[in-house]
Amino acid sequence: MKAAVVTFPGSNCDRDLAVAFERAGFDVARVWHKDTDLPAGVDVVGIPGGFSHGDYLRCGAIAARAPVMAAVARHADRGGFVLGICNGFQVLTEAGLLPGALMRNAGLKFICKPVALRVATADSAFTRGYAAGQVVTYPVAHHDGNYQADPETLAALAAEDRIAFTYVENPNGAARDIAGVLSANRRVLGLMPHPERAADPALGPTDGAAMFRALGGILAQA
Amino acid sequence: MALKATVHVMLKDGVLDPQGDAVRHALGTLGFSGVQAVRQGKVIELDLAATDRAAAEAEVRAMCERLLANTVIEKFSVTIA
Numbered sequence: 001m002k003a004a005v006v007t008f009p010g011s012n013c014d015r016d017l018a019v020a021f022e023r024a025g026f027d028v029a030r031v032w033h034k035d036t037d038l039p040a041g042v043d044v045v046g047i048p049g050g051f052s053h054g055d056y057l058r059c060g061a062i063a064a065r066a067p068v069m070a071a072v073a074r075h076a077d078r079g080g081f082v083l084g085i086c087n088g089f090q091v092l093t094e095a096g097l098l099p100g101a102l103m104r105n106a107g108l109k110f111i112c113k114p115v116a117l118r119v120a121t122a123d124s125a126f127t128r129g130y131a132a133g134q135v136v137t138y139p140v141a142h143h144d145g146n147y148q149a150d151p152e153t154l155a156a157l158a159a160e161d162r163i164a165f166t167y168v169e170n171p172n173g174a175a176r177d178i179a180g181v182l183s184a185n186r187r188v189l190g191l192m193p194h195p196e197r198a199a200d201p202a203l204g205p206t207d208g209a210a211m212f213r214a215l216g217g218i219l220a221q222a
Numbered sequence: 001m002a003l004k005a006t007v008h009v010m011l012k013d014g015v016l017d018p019q020g021d022a023v024r025h026a027l028g029t030l031g032f033s034g035v036q037a038v039r040q041g042k043v044i045e046l047d048l049a050a051t052d053r054a055a056a057e058a059e060v061r062a063m064c065e066r067l068l069a070n071t072v073i074e075k076f077s078v079t080i081a
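So the sequence lines, in the order shown, correspond to chains Y and L.
The numbers in our numbering rise by one with no breaks, and the one at position 115 of the first sequence is 115.
The numbers in our numbering rise by one with no breaks, and the one at position 70 of the second sequence is 70.
With the rest of the complex left out, here is chain Y:
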């Protein structure tokens, strides 16, 4: 099973994400934002956290129009898995691969701390290693994590069980306490908290490792 991790100018969680995939048994290819194709046989694309293109215009806006994102969109259209974390979530919303938008935190402050998250659905390749309702701890590190969408979109996300994670204590003003959402086919996940930063016992809590193991488990069966 093979993962590709994209690097944009200003990405800073790309290596952490690659290591988290490797620890779960993935072969990892590193992909540059100007690449026009993904390596052959990629099962999952990781869009990492960071400050792509300096957050110019809007967080993730420039990266979402990078050449590699057309290849990521084709991969998603084929039913491929995509995981966007933090800035990667912002990139996926800007690219239209996930609904909604990430706005400035309601408190206007950059928030960098571990947060408790409720696993809102276990019905996805990413969250099947958790029980629905289980509380896990991942770090957050963002200035623009305030998830917003129009009321119809929010209602549809809830009705279709596409809210993947919610904050136990909302740190940023996100609508419905949303920390992460799934695409309609449940194969694209974007979330603000960082599972890849909670996946190595040498660095603290490891609640995030189960996401990478679960994804690897699905692919190993395939």
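No wet-lab data here; the hints were simulated from the structure.
Don't take each hint at face value.
Example chain L residues on the side facing chain Y (calculated, C-beta under 10 Å, incomplete) [as the list claims (entries may be wrong)]:
#1 Asp-17
#2 Gln-19
#3 Ala-22
Below, a list of computed lysine-lysine pairs in the BS3-like style, where the Cα atoms sit at most 27 Å apart [what the hints assert, rightly or not]:
#4 L:Lys-4 to L:Lys-42
#5 L:Lys-75 to L:Lys-42
#6 L:Lys-4 to Y:Lys-109
#7 L:Lys-12 to L:Lys-42
#8 L:Lys-75 to L:Lys-12
#9 Y:Lys-2 to Y:Lys-34
#10 Y:Lys-109 to L:Lys-75
#11 L:Lys-4 to L:Lys-75
#12 L:Lys-42 to Y:Lys-109
All of these numbers come straight from a predicted model, not from anything done at the bench.
The beta-carbon is built from N, C-alpha and C at its ideal position, and this holds for glycine as well.
Here the structure of chain Y is known, so what remains is to put chain L in place on it, guided by the hints.
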């Protein structure tokens, strides 16, 4: 003559603007007590090679839809001069 486009991007009505609210609060701290609301947006100026106003406006509106504004949360207006 080459044209200049000015794009105003603002949050849609009803979308909370915490930055605008912080600016309003700071103005109040400075003694400007009559400010009831502040909305903060962006102005983007483009120098265009185009000389046809209608075509230029259509192209800039396409730029807004595809990049300059996030129409999930933002609205935009285009002025060609």
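Okay, the hints, checked on the actual structure:
1. Asp-17: holds (9 Å)
2. Gln-19: holds (6 Å)
3. Ala-22: holds (6 Å)
4. L:Lys-4 to L:Lys-42: holds (16 Å)
5. L:Lys-75 to L:Lys-42: At roughly 11 Å apart (the allowed maximum being 27 Å), Lys-42 of chain L and Lys-75 of chain L satisfy the hint.
6. L:Lys-4 to Y:Lys-109: The given pair, whose Cα atoms are some 36 Å apart, is violated under the 27 Å limit.
7. L:Lys-12 to L:Lys-42: Holds - the C-alpha atoms of Lys-42 of chain L and Lys-12 of chain L are around 13 Å apart, at most 27 Å.
8. L:Lys-75 to L:Lys-12: holds (5 Å)
9. Y:Lys-2 to Y:Lys-34: holds (20 Å)
10. Y:Lys-109 to L:Lys-75: holds (25 Å)
11. L:Lys-4 to L:Lys-75: holds (20 Å)
12. L:Lys-42 to Y:Lys-109: holds (20 Å)
In this structure, the one hint that does not hold is number 6.
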